[in-house]
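Sequences are here, hints too, so could you generate the full structure?
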Amino acid sequence: MERYRVLMSGSGGQGVITMAIILAEAACIYEGRTAIQSQSYGPEARGGATRSDVIISDGPIFFPKVLQPNCLVALTNEASAKYLPLIRPGGICLYDSDLVQLDMRVDARGQGLPMHRAVLEEFGKVQVFNICVLGALAGLTGAVSLQSLELALKSRFAPAQFEGNRKALLLGAMLAAPLAGASLY
Amino acid sequence: MALKNYIRERFFPHIWCPGCGHGIVLNALLHTADTLGLERSSLCMVSGIGCSARISGYVDFHSMHTMHGRALACATGLKLARPSLNVFVPMGDGDATAIGGNHFIHACRRNIDLTAIVLNNRIYGMTGGQFSPLSGRGIVATTAPYKNIDEPFDIVNLALGAGATFVARTTAFHVREIASLLKQAVQHKGISVLEVLVQCPTYFGRKNKEGGAVEMMELYRDHTAPLGSAKLAENPSLIPRGVFRSEERPEYCEEYAKVIARAKE
Amino acid sequence: MKAAGTGKSPGGRAKKASAAPDVRFVQGNEACVQGALYAGLNFFAGYPITPSTEIAEHLAELLPRKDGVFIQMEDEIGSMCAVCGAALAGAKAMTATSGPGFSLKQEAIGYACMAEIPCVIVNVQRGGPSTGLPTKVAQGDVMQTRWGTHGDHSIVVLTASSVQDIFEITVEGFNISEIYRTPVVLLFDEVVGHMRERLIVPPQGELSVVDRLYTEVKAGVNYHPYLPREDGRLPVSDFGGVHRYNVTGLFHDIFGFPTENPDQVNKLIHHLVDKIENRAHLLARWKEYHLEDAEHIIISYGASARSARHLVEGRRSKGDRIGLLDLQTLWPFPAQLIREKTAHAKNVFVVEMNMGQITTQVKQAVVTPNRVFLVNRMDGMLVTPTDIGTVMRTVEGRGF
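Residue numbers (numbering that gives the first Met the number 0), protein chains in the order written: chain C, 0 to 184; chain P, 0 to 264; chain D, 0 to 399.
Read the hints as simulated data drawn from the structure, not as lab findings.
Heads up, the beta-carbon is just placed ideally off N, CA and C, and yes, glycines get one too.
Take these hints with a grain of salt, some might be off.
In silico BS3-like pairs for lysine-lysine, Cα to Cα no more than 30 Å straight-line [stated by the list, open to error]:
no.: 1; chain 1: D; residue 1: Lys65; chain 2: C; residue 2: Lys153
no.: 2; chain 1: D; residue 1: Lys362; chain 2: D; residue 2: Lys317
no.: 3; chain 1: P; residue 1: Lys188; chain 2: P; residue 2: Lys3
no.: 4; chain 1: P; residue 1: Lys188; chain 2: D; residue 2: Lys65
no.: 5; chain 1: D; residue 1: Lys65; chain 2: P; residue 2: Lys257
no.: 6; chain 1: P; residue 1: Lys206; chain 2: P; residue 2: Lys146
no.: 7; chain 1: D; residue 1: Lys345; chain 2: D; residue 2: Lys362
no.: 8; chain 1: D; residue 1: Lys274; chain 2: D; residue 2: Lys362
no.: 9; chain 1: P; residue 1: Lys3; chain 2: P; residue 2: Lys182
no.: 10; chain 1: C; residue 1: Lys153; chain 2: P; residue 2: Lys263
no.: 11; chain 1: P; residue 1: Lys263; chain 2: D; residue 2: Lys65
no.: 12; chain 1: P; residue 1: Lys3; chain 2: D; residue 2: Lys217
no.: 13; chain 1: P; residue 1: Lys188; chain 2: P; residue 2: Lys263
Chain D regions said to be covered by chain C (calculated; three or more residues, Cβ under 8 Å) [claimed, not checked]:
no.: 14; segment: 195-208
no.: 15; segment: 304-314
no.: 16; segment: 376-385
Take a look at the structure:
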């Protein structure tokens with residue numbers, strides 16, 4: 000039984016919490032697994048450090064927080080500096096290779112991808128950056144399937160927004176494709 | 000309907016002091032209900048705490064005697080839950096503008112269809128004569144033995160500033176005027192604020208050398224004048240009486256009905 | 000997994016329905032909204048405050064669609080007052096807040112106790128006192144729910160440790176408020192209020208919903224609004240109906256008219272307290288895990304109970320005789336239940352995020368109070384299974 004303890008971190012406005020909700024919802028609703036999403040936040044709506052925890056499991060989950068992630072997503076330097084020390088030995092850290100300069104001194108695998116740049120080139124704006132990260136995360140770890148994520152996106156977004164989000168998801172998955180199937184351990 | 004059908008006779012005699020102005024307002028209220036032929040089960044009275052608040056026990060309406068200052072907030076919930084009710088909210092000056100000041104300005108702002116009556120005797124009567132936000136400078140009260148230094152509110156201006164759509168003032172001396180203004184207030188769609196200056200001979204008159212009930216009512220006669228009257232033009236220091244504002248604006252319950260319609264689109 | 004029992008619930012499941020399950024992935028706060036609507040909520044008055052605001056936001060969207068009223072009042076005091084007014088006009092009414100707002104509502108909660116107005120108050124707890132830790136978890140309002148308003152009174156307080164439980168306990172809360180004509184406090188916390196997990200909304204009819212009990216007294220016949228029936232229930236007549244009566248926060252007679260008659264005062268205060276305290280056994284809701292042979296019993300509630308469960312399941316799988324009592328009724332305090340369940344326990348550990356508010360109650364209930372130990376955490380973070388294990392190691396002198 001594999002248990003994904005995902006800690007997603009970045010700054011307010013990057014869509015970190017939305018990304019976490021979609022990931023957990025995909026696992027819970029569309030794969031029938033147990034999933035819990037929670038978040039810790041400060042008084043700021045924009046800027047500041049944002050963190051959201053997702054646990055996905057085939058069995059019950061009681062303690063809802065992630066203390067030691069086996070999968071860390073870091074979208075700012077501040078976030079990576081703060082949370083990298085928490086990562087479980089052998090875990091994986093997905094970060095944006097342009098936004099984050101990873102100081103990898105822990106026993107974990109750092110995986111940088113130019114997601115922000117790719118989204119900017121493809122869409123000319125960064126609104127769907129978080130969905131691209133989600134695609135990369137799914138491709139990299141197999142925590143949930145791309146199909147489930149697509150279904151979760153479809154239920155959450157209006158048809159007009161869905162297509163862009165779907166493209167962003169696939170863009171992320173493609174970026175991660177060369178590294179796909181990376182085991183957490 | 001006979002006037003006494005609007006009261007709960009078995010709860011009399013009332014608790015008010017001899018000479019108190021509150022009974023005069025109750026009397027005018029009963030006449031208003033009778034004149035308009037209002038059906039008792041459509042009438043509701045919500046009051047707070049204080050001498051004025053006890054009115055709600057004496058009327059044969061649906062009556063809710065609530066907490067100090069909270070009558071308008073309770074009435075807002077009641078009215079929204081059942082907009083067909085005709086809701087009266089009698090309040091004292093401390094009740095309405097001190098502890099209940101926030102609810103007062105927001106009820107005015109929302110323009111919800113309630114009839115708010117402020118019985119302004121410029122004193123806390125039930126607790127024994129402490130100064131209120133309406134007492135004003137120079138008044139002697141048990142909590143202002145060396146004369147009050149607090150500036151007073153003007154209830155009419157407060158209501159106007161907060162956006163009330165019907166605002167009027169009269170006194171306990173002008174008995175027919177109370178009934179006539181109450182009638183307009185009831186018929187007005189939206190919040191109506193009627194200030195009635197009422198004498199408290201026991202705690203205000205005695206301490207401030209205004210005499211008994213009769214002398215205090217003579218002061219109301221002599222120191223007030225109708226809006227637009229020659230008397231007021233000659234002597235602008237008199238307290239104006241009458242209707243200060245009566246205008247149509249969207250009423251809260253009706254606007255909320257539109258919210259429901261939009262939500263269902 | 001064995002030995003997952005559920006406390007008896009007279010509300011219970013009325014009948015099996017066969018429609019496709021309505022499965023959602025939602026926050027605890029949203030589950031509360033869904034439970035309230037399921038129970039027939041049609042009036043909400045509130046004021047924005049973290050971490051309960053989502054309840055107001057969802058209801059602002061959903062209530063008008065069901066012809067219900069949503070109003071954002073000028074303050075927390077006004078919200079609670081509007082709830083009282085609406086309930087007298089016939090509404091199933093609720094407000095939601097957190098610590099600072101809950102403090103402000105106390106005056107009108109007392110009014111609802113005295114005037115026997117059915118209503119529901121949600122408190123999603125954050126760190127306190129004062130403004131405290133607005134975005135962080137705590138369980139420091141347990142005693143405030145019991146004694147927050149002045150004077151002798153009794154009140155019902157329910158809590159839950161999962162999104163699904165929040166839904167079901169919210170329905171229960173409304174039912175209890177109707178049956179006993181009392182304010183019911185739903186005491187949640189930031190963690191269960193904000194975390195998302197699976198919610199299965201049962202089809203309408205599966206959970207029983209108690210509607211207001213109306214008087215059968217006809218128009219023109221004397222109706223005594225405050226004369227309880229033989230079974231203790233108080234049939235109501237709405238404001239706007241044929242019976243006109245007085246409601247007051249003063250001690251009152253059977254007509255609702257103020258009284259200072261010592262007999263009537265004495266009778267009323269006893270009625271107000273007894274109607275709840277004498278039925279503590281009927282009002283107890285709980286969940287229990289592995290208690291039958293447990294040497295070590297953890298008593299917890301809300302988010303803390305999740306950490307406790309994590310620890311209990313882990314250690315059971317290694318053979319430790321440890322069990323969990325997850326309380327859902329906090330007030331009236333289920334002392335009898337606790338005495339029975341802990342009768343054979345060597346140690347009792349109470350896990351809560353305060354300085355021991357339920358611990359002191361447990362100590363009064365058990366036979367050996369010196370074997371009751373508090374495990375807490377007060378820094379805004381959710382108490383962890385490790386925190387619990389550390390205290391157990393100290394008490395037992397060994398690791399588990």
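Do the hints match the structure? See the list:
1. Lys65(D) <-> Lys153(C): Holds. Lysine 65(D) to lysine 153(C) sits at ~26 Å (cutoff 30 Å).
2. Lys362(D) <-> Lys317(D): Holds: lysine 362(D) and lysine 317(D) sit about 29 Å apart, inside 30 Å.
3. Lys188(P) <-> Lys3(P): 27 Å, holds
4. Lys188(P) <-> Lys65(D): Since the Cα atoms of lysine 188(P) and lysine 65(D) sit roughly 26 Å apart, the hinted pair holds (cutoff 30 Å).
5. Lys65(D) <-> Lys257(P): Within the cut-off at roughly 13 Å; holds.
6. Lys206(P) <-> Lys146(P): 11 Å, holds
7. Lys345(D) <-> Lys362(D): 14 Å, holds
8. Lys274(D) <-> Lys362(D): This hinted pair holds, its Cα atoms lying about 25 Å apart.
9. Lys3(P) <-> Lys182(P): Holds. Lysine 3(P) to lysine 182(P) sits at ~18 Å (cutoff 30 Å).
10. Lys153(C) <-> Lys263(P): 23 Å, holds
11. Lys263(P) <-> Lys65(D): Holds. Lysine 263(P) to lysine 65(D) sits at ~8 Å (cutoff 30 Å).
12. Lys3(P) <-> Lys217(D): 22 Å, holds
13. Lys188(P) <-> Lys263(P): 26 Å, holds
14. 195-208: holds (count 3)
15. 304-314: holds (count 5)
16. 376-385: holds (count 3)
When the structure is compared with the earlier hints, no violation turns up for any of them.
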